[in-house]
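Undergrad: The chain contents come next:
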Amino acid sequence: MMYIVFIMSVLYVVGFIGFSSKPSPVYGGMSLVVSGGLGCGIIMGSGGSFLGLVVFLVYLGGMMVVFGYTIAMATEEYPETWGSNVVVLGAFLVGLLMEVFMIMWLFSGEHELMGFYFGGLEDLMVLGEEGFEYVREDYSGGASLYSYGFWFLAMAGWMLFVSIFIAIEVTRKRY
Amino acid sequence: MNPLALSLILTTLLAGTLITMMSSHWLTAWMGLEMNMLTMIPILMKTTNPRSTEAATKYFMTQAMASMMLMMALTINLMYSGQWSITKMTNPVASNMALMALMTKLGSAPFHFWVPEVTQGVELTPGMILLTWQKLAPLSLLYQMATYTNTNLIYLSGLLSILIGGWGGLNQTQLRKILAYSSISHMGWMLIILPFNPTLTLLNLTIYIMLTLSIFMILTNTFTTSMSSLTLMWNKTPAMTIMLMTTLLSLGGLPPLSGFMPKWLMIHELTKNNSIIMPLTMAIMALLNMYFYMRLIYYSSLTILPSTNNMKMTWRFTNTKHTMTLPTLITLSNMLLPLTPMISMLE
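So the protein lines, in turn, are chains A and B. Note that our numbering numbers the first sequence so that position 49 is 49, with each residue one more than the last. Note that our numbering numbers the second sequence so that position 319 is 319, with each residue one more than the last.
Chain A with its partners taken away, still in its complex shape (with noise of 0.2 angstroms):
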């Protein structure tokens, strides 16, 4: 299990290229959450046990059920699935096969897989402006958005607000 998240971020490429090669958005959405499942996994497997549940909550548990709901509404009668299309196939294949080649690259190499430091969001840091405060770096993350990133906030807040208005002038009588 030392490869865990190694394994995890090639099966979140994977999940990737399952919905670029342009299934059906049914099939494409479960993808993205396989996708997004395992990218929580690869957050959690760095340390950041807060921040990973926060991925699962927000990105899974809001925007996928939304999306979810919205693909169920607008579905077809025989969507298009990985193995109906050749197009879809083909595109599926490539991309694994780049994945492949991208592994037997990385195995191959004079460099050994465990340089990679995957275990970057457990450290402590100094949060606070006085005293020596020492709090684990995912919370401190979520945290600082709100104190010391404010305006990261306001700005993000007011993009989501005007991204309604933006769906809503591009949906409405076009064609």
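It is worth saying that the hints were derived from the structure and are not from the lab. All clues given are correct.
With a cut-off of at most 30 angstroms between alpha-carbon atoms, the simulated DSS-like pairs for lysine-lysine come out as follows:
1. K312(B) <-> K236(B)
2. K58(B) <-> K22(A)
3. K46(B) <-> K22(A)
Incomplete in silico selection of chain B near chain A, CB under 8 angstroms:
4. L8
5. I9
6. I41
7. P42
8. M45
Just so you know, even glycine gets a beta-carbon here, dropped at the ideal spot from N, CA and C.
Position chain B relative to chain A; hints supplied.
TA: Frame of chain A; chain B shown alone:
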């Protein structure tokens, strides 16, 4: 569009560019670029035909890909250097990838393919915003990070842009595509001088924006989008036809008009740095641009095509388009050359 939604979207467009131009942290710069891209989409889709939708989709796809590459570049930079500053991207992989992403956002070759198609697919006013305002944010980032990039890549892209901007515009009859190729060509000029003297990049950007704004506003006022409508412009507004002529000559870089100033100073700067073949090639390729501007001038001002007699006398309707900024812009785009010593204020 609903005025409330339009004002919100335009405010966010402004805010996006300003955030990018004011930032020293890569994440805020990227955030501003994303804000620009997202709010540009409904502006491009203001008209309800499928052509605009297709153009907005193409714009979104290319710009999203460029933003993705930029994000990867800056995370690679973070991995190898541990800091987020824009001016110190010392890792070559990161800086070259960021360079390519920003070149895609600007529309310079070999990532220029979206510019003519998107500009042609939308109306004149969104096309104007696309070719002028959207250049500010990526160029401000390029201005800061260009010192650590591979200059060969910058020269290659710049030369290719000038070539493609020149040759690509030769076979066009639609004015928006001609202005798109002109934009590609001017981006090439701006890129090449970036390693030598970045102030001249800003000067070229300023004068290019003034010229492009003038031309777009003249075209908007007379409702011309193709060369065939240009031939009828003498009848509607003879004054604007003459102004179009001088502004197009200025865009081509002809002395004694303003457009000559950046080209002259750039060639001067390049020859001061012992580079002879490149400014020679650039100057000769700028003549290709000049050829199709001359074709536009010929058909709009220098020739009156044969027509029946009743077409020679049009009824003058009142102009409903606002022309408030147009006289100032035309004056600035034609007569700025004597003020060349004032470029020291750009430094």
